[in-house]
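Sequences and hints are given; from them, build the entire structure.
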Amino acid sequence: MSGRLERGGLIDRSKPLGFSFDSRRHQGYHGDTLASALLANGVRLVGRSFKYHRPRGFLSAGPEEPNGLFEIGEGAHREPNTRGTVQELYDGLVASSQNRWPSLRFDVLSFNDWLAPFLSAGFYYKTFMWPASFWEKVYEPFIRRAAGLGALSGEPDPDAYDHGYGFCDILVVGAGPAGLMAALAAGRAGARVIVADEDFLPGGRLNGEALEVDGRPGHEWAGEVAAELASMPNVRVMKRTAVFGAYDSGDWGLYERLTDHLGQKPEGIARGRLWHVNARRTIIACGSIERPIAFAGNDVPGVMMAGAVRTYLNRFAVAPGKRAVVFTNNEDGWRTARDLLDAGQEVAAVVDTRKGDRVPAGMEAVAGETRVAFGVRITGVLGRKSVRGVEILDGDGHSSVFAADLLAVSGGWNPTVHLTSHKGAKPVWREDIAAFVASKDRPGDQIIAGTANGAFSTAQALGEGLSAAEQALSDLGRKAPRLRVPKAENTATAIEAFWHVGEARGRAFIDFQNDVTAKDVKLAHAEGYRAVEHLKRYTTLGMATDQGKTANVTGLAVMAELTGRTIAETGTTVFRPPTTPVPIGAFAGRAHGRHQQPTRLTASHDWATERGAVFVEAGNWLRAQWFAQPGETDWRQSCDREAAAVRRSVGVCDVSTLGKIDIQGPDAATLLDRVYTNTFSTLAVGKARYGLMLREDGMMFDDGTASRLGETHFLMTTTTANAVGVMRHLEHATQVIWPDLDVQMISATEQWAQFAIAGPKSREVVARLVDEDVSNEAFPYMGVAEVTVCGVAGRLFRLSFSGELGFEVAVPARHGDALIRAIMEVGAQFEITPYGTEALNVLRIEKGHVTGAELNGQTTAADLGFARMVSAKKDCIGKVMAGREGLVDEDRPRLAGFVAADGQARLWAGSHFIEEDAPADLAHSIGHMTSVCYSPHLGRYIGLGLVRGGAARAGDTVRMVHPLKGIDIAVEIAHPVFLDPQGERLRG
Amino acid sequence: MRIPCPLCGERDSKEFSILGDATVKRPDPDGPDAAGEFFDYVYLRDNPAGTHCELWFHEAGCRQWLVVTRNTLTHEVAGAELSAGRKAKKR
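Top to bottom, those sequences are chains H and Z. Just so you know, my numbering puts 935 at position 935 of the first sequence, and the rest follows in order with no gaps. Just so you know, my numbering puts 82 at position 82 of the second sequence, and the rest follows in order with no gaps.
It should be emphasised that the hints constitute simulated quantities derived from the structure, not laboratory data. A couple of the hints might just be wrong.
Cut-off 16 Å, straight-line C-alpha distance, at most; resulting in silico cross-link-like pairs (EDC-like, lysine to aspartate or glutamate) [claimed, not checked]:
{"#": "1", "chain 1": "Z", "residue 1": "14", "chain 2": "H", "residue 2": "921"}
{"#": "2", "chain 1": "H", "residue 1": "874", "chain 2": "Z", "residue 2": "15"}
{"#": "3", "chain 1": "H", "residue 1": "873", "chain 2": "Z", "residue 2": "15"}
{"#": "4", "chain 1": "H", "residue 1": "522", "chain 2": "H", "residue 2": "489"}
{"#": "5", "chain 1": "Z", "residue 1": "25", "chain 2": "H", "residue 2": "740"}
{"#": "6", "chain 1": "Z", "residue 1": "14", "chain 2": "H", "residue 2": "248"}
{"#": "7", "chain 1": "H", "residue 1": "965", "chain 2": "H", "residue 2": "917"}
{"#": "8", "chain 1": "H", "residue 1": "874", "chain 2": "Z", "residue 2": "10"}
Listed below in structure tokens is the structure:
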């Protein structure tokens, strides 16, 4: 391992791990990231850039990484755009580079780099203008192939994701010095605390620095605090957990990676967990991100952030190069030189843009061991796939070249303020530290601490962590524990802002991931895109997967220079969640496929399954659609047999899924009068009545029967699909519109199993089930009674949806399975036939009953022939609006029946009706077919539909036109009730 | 977002569904301009930037309709009361 140091680092050298990158085998250690392991193996070229396909290496050592993106894993598990600096190493890890062909070292599309003059900002708009027809077929496919990041597997995501919900007094975002100090104080105070950090090792920068806290290595202090926190029952320490979004009322989005770091994925464990955490106070201590300086060649592999170099040295015991140059505008870069020298590495020079020849305090030894230059800038980098040397320009205009393979850059630090701006507060510029900090307008529950707040020294960060906890505890009425701020370094960064080298000859990158250069920003400025939001969209600066974490501030600083405004005046763009990529699957959690909605099963489900039922979903219920018998190969055979059996003898159908609402109270009848168009207060006890319900806008909402079980007790039924909506509608009516009504209601849909028994022999079957007299005299049409069914207290209704003599028998749901088996047993001598929703549909179309196809939200009661059911004597919901001019227009399409003029042709729902002599276009449509079926009873297709003139035109011929199927045939308008219009069968 | 339900305590907004403006009142169907008033009642809603009274239905909780006072700019919820209780008091 060419880059691994012999000693040090927070890695476990007793646990070597094998992994591969682009099919080459390498070795690292437990505690490595993919990035540190690759650098330890001397691999510096790890990717190709988005647009120019330039060779790229790691820029950072943290989640802000723009360059080092990989595809991890194989097959459907392949995860593109994974940051090598975040991915933990495990044994057997398979990583591949992205956006290159045929290989990373030789990438054909790197010719884009030579075409760069034509690929500048806005090049899509300028270059691919004409001919317009080329865009879709030539340009876009080319651009999509040439530009891009990793590729998705194309397979469904095979991983499972969980959702978690958490509550705490104090959420601490980040487990660096500030976060750990805050969590320690809050935890010792007894508050419920959640500490979340994206890293797998708590400590933040303490793990990457050779700094002491209270006289011992900083990472040791961090480890001890983390261990104490983990031991507290009131504290939850969440490693590998990114806080990605701030939401309302102290809600936060967190994503916890559960198995991405494991080679052997444990069975039954989700890949990740999306947390919804509600916190009363949140301490944002998520640190800061070091920013690059824009100079020519600043993207060549081997150019790295100075802080990242220290992290690789101190945390991972990896030297990212053998001979380094440090380029800095603040004190921090000097620390990198010192740490490199302490690790036995060579430092060719420290190049400081600041004037004044002032060696920082404590860095005298560094100045003694290496060349130091002040007021100097870097004008070029030698090398293409790896840094070979650095060209500098001093204040007197002299150029010189240093041989080096590592260039450590420090342009200062940007506090990570993203979370503080999610709710709309824009970060504000602080000139003294040359950085944006959180706005004071942020929500009051957010407290910022540490480098996230621009407090850049370790001592300041620890102090702010403690005072943030004290403030949060005081807000929550808790007493803060007595805690001392540990001793630590307290040097100011003494930054003199320096953003980009104006003398640059080559391209100076600002946004590495989206290949945006200082020249692109200049071009945007020249072309008038000067507002930050315009700059962002025109150049795509900050719009890649890293959301410009290393780019945004530099980009707008360059824009500020060009416009002659200050950075404060230039302002910044708004940050939005998520701050870090979160798998889409995590948002879905377990709610996908069959689990997106609950599945509701009726009491007769097992019985129906045994009978060969095919099920259909209706309002989350599985209803038997038909019962295939041996020898039946087509659903129509089953459906025709079932429908014919009902007309001939008797059939049984589970109707439990219809909504049932139990309504009680002195004003129950009044409520029904107000929600139904017709009157229910006049209904006798022991009777049912069919009712229509309108929406307040006058359109049909739902229909069903309501039975009066007592003077103040009704049972309302709804359609299966509208059961939830009607309940909500009634609760709105009683709580919002008429809260003075003395009435209560509850849904009883799931409490009762109910079966329709229909057909000429239905009374014979029912008589064998219930103790009571069910003769026509004792129990007439629309009768309702509480009865004893096979020894169980149940209910009997004399209702018919099929047009035949019919009953509905209801028992408590737990007896439903027994009841259907009993019905089949006593019905056997009458050849009782179970029927499904298809036969139910045939029976109701034959009888002209409307369902969802007709109650489509665009029809009025009058449209469906129910004008006389709207009581003139009383108000009801929707009545006033139903009287609107357009809704009472005689020309509105109205319900009618249809048969093919030739008697046999198949009818199609959805077809338009056109007058015989009119052109077949939408302008001449006079309505449409809503429901069709083959009627075994009539031996032909029949349909229901809405046509101008309605059933009054019975006998007329119009055309049924279905352009998608190329059908245009003559159909005859008929009365919608095809069977027994006088209703003699059902009253018999 | 969290809503303080008077019956259930502070609950996540996922348990609720919003209907909007709670200030509209169903007009008198026998009034002189019932048609016009009903048109306004059904279709016209104010959408103020700032404090607003809204109807929220605690459907996955106590099934009560609440009048929630919410700032539409910041989503801060100032309070919630039962719609039924509020109207009854006024009568």
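Taking the hints in turn, this is what the structure says about them:
1. Z/14 with H/921: 45 Å, violated
2. H/874 with Z/15: 36 Å, violated
3. H/873 with Z/15: Not satisfied, since the Cα-Cα distance of roughly 40 Å exceeds 16 Å.
4. H/522 with H/489: Outside the cut-off at roughly 40 Å; violated.
5. Z/25 with H/740: Roughly 14 Å between the alpha carbons, so the hint for residue 25 of chain Z and residue 740 of chain H holds.
6. Z/14 with H/248: 12 Å, holds
7. H/965 with H/917: This hinted pair is violated, its Cα atoms lying about 21 Å apart.
8. H/874 with Z/10: With a Cα-Cα distance of about 41 Å, the restraint between residue 874 of chain H and residue 10 of chain Z is violated, given a limit of 16 Å.
Of the numbered hints stated above, those contradicted by the structure are hints 1, 2, 3, 4, 7 and 8, listed in ascending order.
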